[in-house]
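Asker: The lines below spell out each chain.
Number of protein chains: 2
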Amino acid sequence: MNDLASLVEAVKPIEERIALMAAERQAGLAKPQGSLGRLETLGAQLAAIARTCPPPAITKPGLIIAAGDHGVHAQGVSPWPQEITTLMVETMAAGRASANAIAAACGVDVTVLDAGVAKPPAAHLQVRSAGVRGGTRDLRVEPAMTEAECTAAVLAGAAVAADLIDDGADLIALGDMGIANTTPAAALIAAFTGGTPEQVTGRGTGIDDRTLQLKTEVVGAALARHGDDREPLSVLASLGGLEHAALAGVALAAASRRIPVILDGVNTVASALAAAALCPNAIGYFIAGHRSVEPGATVGLDHLGLKPLLDLELRLGEGTGALLAVPIVRSAAAVLRGVAGLDELGV
Amino acid sequence: MNDLASLVEAVKPIEERIALMAAERQAGLAKPQGSLGRLETLGAQLAAIARTCPPPAITKPGLIIAAGDHGVHAQGVSPWPQEITTLMVETMAAGRASANAIAAACGVDVTVLDAGVAKPPAAHLQVRSAGVRGGTRDLRVEPAMTEAECTAAVLAGAAVAADLIDDGADLIALGDMGIANTTPAAALIAAFTGGTPEQVTGRGTGIDDRTLQLKTEVVGAALARHGDDREPLSVLASLGGLEHAALAGVALAAASRRIPVILDGVNTVASALAAAALCPNAIGYFIAGHRSVEPGATVGLDHLGLKPLLDLELRLGEGTGALLAVPIVRSAAAVLRGVAGLDELGV
Numbered sequence: 009m010n011d012l013a014s015l016v017e018a019v020k021p022i023e024e025r026i027a028l029m030a031a032e033r034q035a036g037l038a039k040p041q042g043s044l045g046r047l048e049t050l051g052a053q054l055a056a057i058a059r060t061c062p063p064p065a066i067t068k069p070g071l072i073i074a075a076g077d078h079g080v081h082a083q084g085v086s087p088w089p090q091e092i093t094t095l096m097v098e099t100m101a102a103g104r105a106s107a108n109a110i111a112a113a114c115g116v117d118v119t120v121l122d123a124g125v126a127k128p129p130a131a132h133l134q135v136r137s138a139g140v141r142g143g144t145r146d147l148r149v150e151p152a153m154t155e156a157e158c159t160a161a162v163l164a165g166a167a168v169a170a171d172l173i174d175d176g177a178d179l180i181a182l183g184d185m186g187i188a189n190t191t192p193a194a195a196l197i198a199a200f201t202g203g204t205p206e207q208v209t210g211r212g213t214g215i216d217d218r219t220l221q222l223k224t225e226v227v228g229a230a231l232a233r234h235g236d237d238r239e240p241l242s243v244l245a246s247l248g249g250l251e252h253a254a255l256a257g258v259a260l261a262a263a264s265r266r267i268p269v270i271l272d273g274v275n276t277v278a279s280a281l282a283a284a285a286l287c288p289n290a291i292g293y294f295i296a297g298h299r300s301v302e303p304g305a306t307v308g309l310d311h312l313g314l315k316p317l318l319d320l321e322l323r324l325g326e327g328t329g330a331l332l333a334v335p336i337v338r339s340a341a342a343v344l345r346g347v348a349g350l351d352e353l354g355v
Numbered sequence: 009m010n011d012l013a014s015l016v017e018a019v020k021p022i023e024e025r026i027a028l029m030a031a032e033r034q035a036g037l038a039k040p041q042g043s044l045g046r047l048e049t050l051g052a053q054l055a056a057i058a059r060t061c062p063p064p065a066i067t068k069p070g071l072i073i074a075a076g077d078h079g080v081h082a083q084g085v086s087p088w089p090q091e092i093t094t095l096m097v098e099t100m101a102a103g104r105a106s107a108n109a110i111a112a113a114c115g116v117d118v119t120v121l122d123a124g125v126a127k128p129p130a131a132h133l134q135v136r137s138a139g140v141r142g143g144t145r146d147l148r149v150e151p152a153m154t155e156a157e158c159t160a161a162v163l164a165g166a167a168v169a170a171d172l173i174d175d176g177a178d179l180i181a182l183g184d185m186g187i188a189n190t191t192p193a194a195a196l197i198a199a200f201t202g203g204t205p206e207q208v209t210g211r212g213t214g215i216d217d218r219t220l221q222l223k224t225e226v227v228g229a230a231l232a233r234h235g236d237d238r239e240p241l242s243v244l245a246s247l248g249g250l251e252h253a254a255l256a257g258v259a260l261a262a263a264s265r266r267i268p269v270i271l272d273g274v275n276t277v278a279s280a281l282a283a284a285a286l287c288p289n290a291i292g293y294f295i296a297g298h299r300s301v302e303p304g305a306t307v308g309l310d311h312l313g314l315k316p317l318l319d320l321e322l323r324l325g326e327g328t329g330a331l332l333a334v335p336i337v338r339s340a341a342a343v344l345r346g347v348a349g350l351d352e353l354g355v
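Residue numbers (the numbering used here), protein chains in the order written: chain A, 9 to 355; chain B, 9 to 355.
Keep in mind that the hints were calculated from the coordinates and are not lab data.
Take the hints with a grain of salt, since some may be wrong.
[Said to hold, decoys possible] Beyond 12 Å from chain A on every Cβ pair, some chain B residues (computed):
1) E24
2) A131
3) Q134
4) P303
5) E352
[Stated by the list, open to error] To be clear about the criterion: a stretch of chain A counts as covered by chain B if any three or more of its residues have a C-beta under 8 Å from a C-beta of chain B, and this derived list gives those stretches:
6) 36-48
7) 95-101
8) 110-121
9) 306-319
10) 330-342
Note that the structure is predicted; figures quoted are calculated from it, not measured.
Ideal Cβ placement from N, Cα and C applies to all residues, glycine included.
Using the sequences and the accompanying hints, generate a full structural model.
Answerer: If you want it as structure tokens, here you go:
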């Protein structure tokens, strides 16, 4: 898929008819009707995504963590130096970040994409690179990316997802890393949902009241600078990050291949909103992994009509909350595939 | 452990000092402080249970499903015939129940204990048997068990847990099966928490309003019949089921071996309340896997001071909600063990 229009075109609606078949099948299994609650609706969604009931077993889930840096860091919206993005990418590539620990515990493979880190990670590490640019411009004062740069980042993410899926990945979890990236995430969520800067801006890594006020003002100023244009690519390029663009591409590529996508925290929700704006058909493929503490995440999930599976007060990113939801999704498929029918019991 | 007093005596308090060490370690890991939310408190609990920080990796979690039948079934509290208990035990032993599907998806071994099923399961199936009696007496009209029978069931559960732990199990999830067992569960929860029959009685497999009213009356009548005696073993014998007694034994044996215990729905919460009444030290070993739809589960968890990890609207039992929490617990240990320190990053 080497252009955005073809990628969007390739995403077909999920088949609600198959979801109904799955619901019927659930009702005939050896358990009280409806007793598996949200696991049953999740199983029906997996069937509708795969266009087959029971849905396929989930045997090779993959997490894609996209990392990027942000020109808006210069505004003082984060207390952390930008170099942390590079250090954390290197830590992930070395298998020593939170995402790696949780991925191993949940049986998920990790892929790291340098979607646009300012200082490139050590060359010997296994990190793919989008090769677009080393961080965005300052979205408070100018568009963060040109539309061409943004499109290139989307397609780079899509290419990574396509490679994983070619290699057997049957579930894709989204993860992010990027110092200051909750600022563009908030701006994207405000633009795509109509939320106010106050509603969507949060404390990110844990900033103080004064920095939160500054950050909220920066989000407001960026939205004012961007203006009323709501064309999806224009919004994403103007207010987003390279990792947000890349993850939107990951989501679209997975959806185009009928693979479910698990969202993580506020940054992946911003990416999902961008993907959904570009291609409303994609929403049916999305599963909300968890409810982040970051307020914009809930605003975005509500806009997408998604209810998170977990609420464990996480606010880390890296895909950590999406990873923890993987066994739940795997279980939902397993129930539809493996549980005996009431008829087999002779009841 | 061949008597109850020794079993209770063997459960030592968890070490809060080690939990503080774990919290300190979390604060020094390569992530924003506190950003893994409840995963961090869970990791600290695991360290306090194991008396070592980082806690050991969880590599061989086991689910023990205890099954039993109930004399109170004769009161019409469930629309399902009692034979379903036997059929479901056979389905579990054949690997075809919901618990088996979810256990496989979450990497957990399943052990089935016939704690007191009325009609014994097919002899060729790998099901352990407590060998106490084939179902309880009707708790509405007389004590469900003698104290000797109840103690034997507790010790049978403890023996199964001890065998699993000897075989390497490092986390124990509790599961139950028993037609009509939400009635004794409600009675136990009312007796141990002081809740009213109306507060603790729910729809179980999905009974109608009229059956719910009858069931609530039966719970009230059983409590009145039992009277004011709150001696833990007396309450458990009088109002409980053989599977509740067995699971209390499983929980105590795991705690005595410093192994964490994940609770499932209302029946396992009733067992946990009994275990906690027999041995308050045991509470520190308990992790609430999920919030069951059944109202008594929340009353019981509140009484124990436990907040569930998941809320997926499950009401099946069999350990299904406990199983889904296993990867979260495994992840909490993995973070403390595997994530790089900030010092290693040179920050």
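Asker: Give a verdict on every hint.
Answerer: Hint check:
1. For B:E24, the condition that its CB be more than 12 Å from all CB atoms of chain A holds, with the nearest at approximately 21 Å.
2. No Cβ of chain A approaches the Cβ of B:A131 within 12 Å, the least distance being about 18 Å, so the stated non-interface status holds.
3. With a minimum CB-CB distance of about 17 Å to chain A, B:Q134 clears the 12 Å threshold, and the non-interface call stands.
4. Even its closest Cβ contact with chain A, about 15 Å, leaves B:P303 beyond 12 Å, as expected for a residue assigned away from the interface.
5. Distance check for B:E352 against chain A: the nearest CB is about 8 Å away, which does not clear 12 Å, and the non-interface claim fails.
6. Evaluation of the coverage hint for the stretch 36-48 of chain A: fulfilled, as 11 residues show C-beta separations to chain B shorter than 8 Å, against a requirement of three.
7. With a threshold of 8 Å between beta carbons, the proposed coverage of the stretch 95-101 of chain A by chain B holds, since 3 of its residues qualify and at least three are required.
8. For the stretch 110-121 of chain A, the stated coverage by chain B holds: 5 residues have a C-beta nearer than 8 Å to a C-beta of that chain, and at least 3 were required.
9. Residue count for the stretch 306-319 of chain A with a Cβ under 8 Å from a Cβ of chain B: 3. That meets the three needed, and the coverage hint holds.
10. Check result for the stretch 330-342 of chain A against chain B: holds, 9 residues qualifying (beta carbon to beta carbon below 8 Å, three or more required).
This entry does not satisfy hint 5, going by the numbered hints stated previously; all others are met.
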